[in-house]
Structure formats: structure tokens, C-alpha cells
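Participant: Top line first, the protein sequences correspond to chains L and P.
Read in our numbering, the first sequence has 168 at position 168, and its numbers run on one by one without any break.
Read in our numbering, the second sequence has 29 at position 29, and its numbers run on one by one without any break.
Quick caveat, the hints were computed from the structure, so don't treat them as lab data.
Hints may be right or wrong, so weigh each one.
Computed list of lysine-lysine pairs in DSSO-like fashion (alpha-carbon distance at most 27 Å, straight line) [what the hints assert, rightly or not]:
| hint | chain 1 | residue 1 | chain 2 | residue 2 |
| --- | --- | --- | --- | --- |
| 1 | P | K138 | L | K222 |
| 2 | L | K25 | P | K130 |
| 3 | P | K191 | L | K11 |
| 4 | L | K43 | P | K88 |
| 5 | L | K21 | P | K138 |
| 6 | P | K188 | L | K15 |
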Amino acid sequence: MNSDLYDNKEKEFEKVIKLLKELPKIEIPDNFEHNLMVRIQNKNFGTEEKKSFSRWLYIFTPATAVVLSGFLVLFFLGDNLKNHDDLFQFDPPVRQEAGVKKMDTLEIKEFIVDNNTKENNKNNSVSNTVTVKQKAYQVVVQSNDIVQKTQKDLFIDDSKSVDLDKIMSGENNAPKSKGRIRLVSEGNNYYPFDEFIVKPQKDNSVKSLKARMDSLKTAASKNQNK
Amino acid sequence: MNKKLTELSDEELIAKFQETDAIECFEILVKRYKDPLMNFVYRFVGDRNACSDIVQETMIKFYLNKNSYKSFAKFSTWIYTIAGNLAKNELKRRKRRNILSLSNNENEDQQPLQIEDGSIQQPDAILDGKIKNEMIQKALNKVKPVYREVVILRDIQGFSYEEIAEMTGLSIGTVKSRINRGRTKLQKLLKNIYNE
Numbered sequence: 001m002n003s004d005l006y007d008n009k010e011k012e013f014e015k016v017i018k019l020l021k022e023l024p025k026i027e028i029p030d031n032f033e034h035n036l037m038v039r040i041q042n043k044n045f046g047t048e049e050k051k052s053f054s055r056w057l058y059i060f061t062p063a064t065a066v067v068l069s070g071f072l073v074l075f076f077l078g079d080n081l082k083n084h085d086d087l088f089q090f091d092p093p094v095r096q097e098a099g100v101k102k103m104d105t106l107e108i109k110e111f112i113v114d115n116n117t118k119e120n121n122k123n124n125s126v127s128n129t130v131t132v133k134q135k136a137y138q139v140v141v142q143s144n145d146i147v148q149k150t151q152k153d154l155f156i157d158d159s160k161s162v163d164l165d166k167i168m169s170g171e172n173n174a175p176k177s178k179g180r181i182r183l184v185s186e187g188n189n190y191y192p193f194d195e196f197i198v199k200p201q202k203d204n205s206v207k208s209l210k211a212r213m214d215s216l217k218t219a220a221s222k223n224q225n226k
Numbered sequence: 001m002n003k004k005l006t007e008l009s010d011e012e013l014i015a016k017f018q019e020t021d022a023i024e025c026f027e028i029l030v031k032r033y034k035d036p037l038m039n040f041v042y043r044f045v046g047d048r049n050a051c052s053d054i055v056q057e058t059m060i061k062f063y064l065n066k067n068s069y070k071s072f073a074k075f076s077t078w079i080y081t082i083a084g085n086l087a088k089n090e091l092k093r094r095k096r097r098n099i100l101s102l103s104n105n106e107n108e109d110q111q112p113l114q115i116e117d118g119s120i121q122q123p124d125a126i127l128d129g130k131i132k133n134e135m136i137q138k139a140l141n142k143v144k145p146v147y148r149e150v151v152i153l154r155d156i157q158g159f160s161y162e163e164i165a166e167m168t169g170l171s172i173g174t175v176k177s178r179i180n181r182g183r184t185k186l187q188k189l190l191k192n193i194y195n196e
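Extracted from the complex, chain L is given alone in its bound form (with noise of 0.2 Å):
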């Protein structure tokens, strides 16, 4: 159908056709063999030795693509990269946070035990104020085993805590706040509760020894009586 279509429209570009079949033959220059030949004898193909030297570029294309890539990738990736010994290796992040924290937890830990046995040995009394400014340090352990240790404050808001001192000697049962009191705790999670509840135990002693003055005395009103 559709050479058919193209077959009957040669008759309508029938003068077009006629005028470039009516065009003259060119014809070649006559030293046109003579000259082909002394190049072929000559072995001189010109264009042939422009080709093979492109062949050897092609060859080192991809290697030069490899170090330009290699190159790119230290440019925009270096600064992450000076950490690490090996450039192909990383530690998970998740991995070095998890490992932060329990460090961070130990060293609070020991530092609060620290701080109350100098409390005890210079007053050895009961500390009024509960609002102390203590230090804790933050240990990070790298990949390659350098230790980094900051220092980190770690404050006791007076509003948010409970002097223990206080409730235990009877002077102040009820927490300073409203709002939920935060505990001590790990690292720089504070985990919320409401008070410390104290149990008023019942001191048997004292009642023992009054039975004991009552039977002592009612021993000597006998023997005066005798």
C-alpha cells in the first residue's frame, strides 16, 4: 500500500526527476589512478596512522577513568575519610554510639561515688544544699583504639530533686517541685519518677528497755519494803 502511495507520486515529481537525470556526468581527473597507486605503493594512508594512534588512547580510557574516579572520591570524601585507618572500612554509626554511651554511663558513675566519699570525710555532716555542679567526663573509644575524654558538666536541678538527708531525718517528706522529678542517671538520659517513699520502721529497743527500768524498779520498791 505504501510503495504504492510513494510509486504513484514519482509522476507528480516527474519534471524534478528529469532534471537531475538530465545532469552531467562528472568525470575524475585524469592523474586520479596514477596517484592512487603511487599512495597504495607508497603505503601511504594518511588517515590509518591517525586512527591507530587513537586506537592507543582508547586503550588507556579506562584506566584513566578509574584514577580520575579514585580521584573524586578523595576529594569529596576526605575530610570523612581522615579517621579511618582502613579507607573502605567504617564502623556502623549506631555501633559507636551504643559503645559512647556505656562509657559515658561507667564513668558517672564512679565519679558520684567519688564525690560523696569527700563530702563525708571533710563534713561528715548532712549537706544542706542538694544544687551541686558536678564534672563528668564523656569517653569516646575510636575505631582505633584512641580514647577521647571531654569534660561534661552534668547538673542536679534543686527544683527537680530530693534531698534524701532531709526525708530520712523526718524534716521534709514532700518533693520541692510539682512537676516529675528527674533521677540521676546514664549519660545524659534522665529517667523520670515521682518520690522516694519512706517506710517509718517501728524501734523495739526503746520499749524493751522500758519493761526492763519497769521490772528493775519494781525489784528495789521490794526489797526496801522487806
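We have chain L already, so just place chain P on it with the hints.
Facilitator: Only chain P this time, still in chain L's reference frame:
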């Protein structure tokens, strides 16, 4: 021996040249194809000096890559493909050179060609003479290369649609449509010539 070789077909000659490296076979094929190729390349590129070099380059490629010819194809389509590709490369090179040239004006391309110096020469003399041929060549140069190539192969070189399809690597339908587009464009450009 030589007489026998001249009686051989193109395909037989190239087969012999592949087998024996006989330079006589190559020379006969060069003699057969130098003028048709020259005509094709000149009509395609439109420059006599450049087209002689292109045809020589075609023959050198044929000599160097004789083994890449496969016997199932016609020799003429193979050698015309080489010449066509070299001619296209030349046109691309020229296009790059003339990319900023003001002569490649789109509006100018749409205008029918004017008969130069019509007052001095008689119309019959123009139609029969050298100027007419030059005008046709100018019109051909204004047709896009993709259409020009197939129009030249069909209407000047006289190849069949199948052969043109094989040379250009296009389907027969595409070849036909491109020929028609090229002819339509030529008809517009040559209106003044065949209306006289």
C-alpha cells in the same frame, strides 16, 4: 589473463582480490567505480576539489579493508556506503567550520532560486547551459543531507529502493519517504527553472 579479469563481475573480482591479493582486480574495480563515485560524491558534497580526495580515500579504504566485504552483499552497495560515510564526514566538518556563517540562513533556504543575470542571457540558453546545472546543484546543496543522499542515489545514480536501503541501513519505507521529502523540497527550489 587481464581480459578474463575484465569479464568478471564486481563480486567475483573482489573475491579474487581477497584470495590472491592481485592488484589487477583492485585496479579494474577502481576503473569501474571511480566515475560513478565521483559523480555521487560531487552531487552530495558540491565541491569538486574535495570530492576527488573523498573518492581516493574511498578506494584506499577499500584496499585496506577488502576482507571486511562479505560476499552476500553487492559490491556496489558496499563501496557506495564507504563513499557516502566519507562524504557525510566531510559535510559535518564543513558544518562545524561554517557554524557561525551568515550564509546558512534558514529563510534564504526556503526561497526559490533566482535566475542570475536573466536580462543578459536568454531563458533557453540558461536552461540548456551551465548555469542551469549550477542552479540544480545549488538547489541540491540546500536540501538536508539525509534527503539529498537518497535523492541522488535514486534519481541521479539510478539505484533501486532496496539497494539504497542496504547502502544507508534504512528501511525501504524510510528510504521512499525521504526521497519524496527531498523531491518536494527540490521542486519548490527549482520552480523557476521548469516554469520557464
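Participant: The structure should be examined with respect to each hint, and the outcome stated for every one.
Facilitator: How the hints compare with the structure:
1. P:K138 to L:K222: violated, 156 Å
2. L:K25 to P:K130: Holds, at roughly 13 Å.
3. P:K191 to L:K11: holds, 16 Å
4. L:K43 to P:K88: holds, 25 Å
5. L:K21 to P:K138: holds, 16 Å
6. P:K188 to L:K15: Judged against 27 Å, a Cα distance of about 12 Å means the pair holds.
Violated hints amount to a single one, hint 1; each of the other numbered hints is respected by the structure.
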